[in-house]
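Colleague: Sequence:
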Amino acid sequence: MKKGIIIGASIGNCVHVAGVAHFLNLAQDEGYDTVFLGPAIDAASMEKVIRHYSPRYVAVGYRLTPENFVKIIPSFMEMNSRLEKKPLWLFGGTPKVAQKAKESGFFDVVFDSTEDIDECIQFLRTGIHAKDNIIEHYSQDLVSRIAQKKPYPLL
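Just so we're aligned, residue 103 is where the sequence shown starts under the numbering used here, counting upward by one.
In case anyone wonders, no lab produced these hints; they're calculated from the structure.
Mixed in with the good hints there might be a few duds.
With a straight-line Cα cutoff of 30 Å, these simulated DSS-like cross-link-like pairs (lysine-lysine) come out [stated by the list, open to error]:
1) K173 with K198
2) K204 with K187
3) K187 with K150
4) K188 with K204
5) K187 with K202
6) K252 with K104
7) K188 with K173
8) K173 with K150
9) K173 with K104
10) K150 with K188
11) K150 with K104
Ranges between beta-carbon positions, derived for each pair [to be verified]:
12) S147 with N170: 15 to 23 Å
13) D144 with A249: 22 to 30 Å
14) K187 with T167: 30 to 38 Å
15) E205 with T228: 24 to 32 Å
Glycine included, every Cβ here is placed at the ideal spot set by N, Cα and C.
Given only the sequences and the hints, what does the whole structure look like? Please build it.
Modeller: Given below as structure tokens:
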């Protein structure tokens with residue numbers, strides 16, 4: 103059963119796509135359909151794709167300077183305000199840029215590059231981000247733990 107669509111891209115003038123691409127790969131493994139837009143996507147281009155797909159989440163990344171990031175975000179906020187069906191917005195970037203993303207109040211979930219893969223998978227499975235003060239509960243027997251970690255090995 104598919105969980106919905108996640109659109110992913112690096113925004114503004116950022117060409118760093120590895121984080122977004124990796125997140126979308128994890129999302130596919132967890133049953134999401136994904137649409138990868140690539141690097142340096144502006145708000146107008148993003149709006150067209152959001153209107154076409156009506157995604158559950160839009161995952162964006164930015165790994166350049168916080169000063170430039172804060173100049174980009176208003177165009178995405180304005181674009182989002184025009185949407186009838188608003189997706190949840192996910193952000194991933196360096197800790198300093200992630201702090202600016204949090205301060206903007208625009209993003210529903212912010213990843214600051216300090217998360218491990220389990221935290222990302224937990225979010226994709228539950229919609230809860232561990233840094234939102236929610237602690238993952240691990241199964242108490244081996245068979246259940248293996249199932250919980252699937253498709254990744256239990257280390």
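Colleague: Kindly confirm whether 30 to 38 Å is satisfied by the beta carbon distance between K187 and T167.
Modeller: Given a distance of about 32 Å, which is inside 30 to 38 Å, the answer is holds.
Colleague: Between S147 and N170, does the C-beta distance stay in 15 to 23 Å?
Modeller: Since S147 and N170 have Cβ atoms about 18 Å apart, the given range 15 to 23 Å holds.
Colleague: Are the Cα positions of K173 and K198 separated by 30 Å at most?
Modeller: holds, 15 Å
Colleague: Using the Cβ atoms, figure out if E205 sits within 24 to 32 Å of T228.
Modeller: holds, 25 Å
Colleague: Go ahead and decide if the range 22 to 30 Å is satisfied by the Cβ distance of D144 to A249.
Modeller: violated, 42 Å
Colleague: Regarding the pair K150 and K104, is the alpha-carbon distance no greater than 30 Å?
Modeller: Roughly 23 Å separates the two Cα atoms, so the pair holds.
Colleague: Checking one constraint from the list: CA of K204 to CA of K187, max 30 Å. Satisfied?
Modeller: holds, 22 Å
Colleague: Between the alpha carbons of K252 and K104, is the straight-line distance 30 Å or under?
Modeller: holds, 17 Å
Colleague: Holds or violated: K188 and K173, Cα atoms, limit 30 Å.
Modeller: Holds, at about 22 Å.
Colleague: If you draw a straight line from the CA of K173 to the CA of K150, is it 30 Å or shorter?
Modeller: holds, 21 Å
Colleague: Does K204 lie within 30 Å of K188 when you go C-alpha to C-alpha?
Modeller: holds, 18 Å
Colleague: Checking one constraint from the list: CA of K187 to CA of K202, max 30 Å. Satisfied?
Modeller: holds, 25 Å
Figure legend: structure checked against the earlier numbered hints; hints not met, in rising order: 9, 13.
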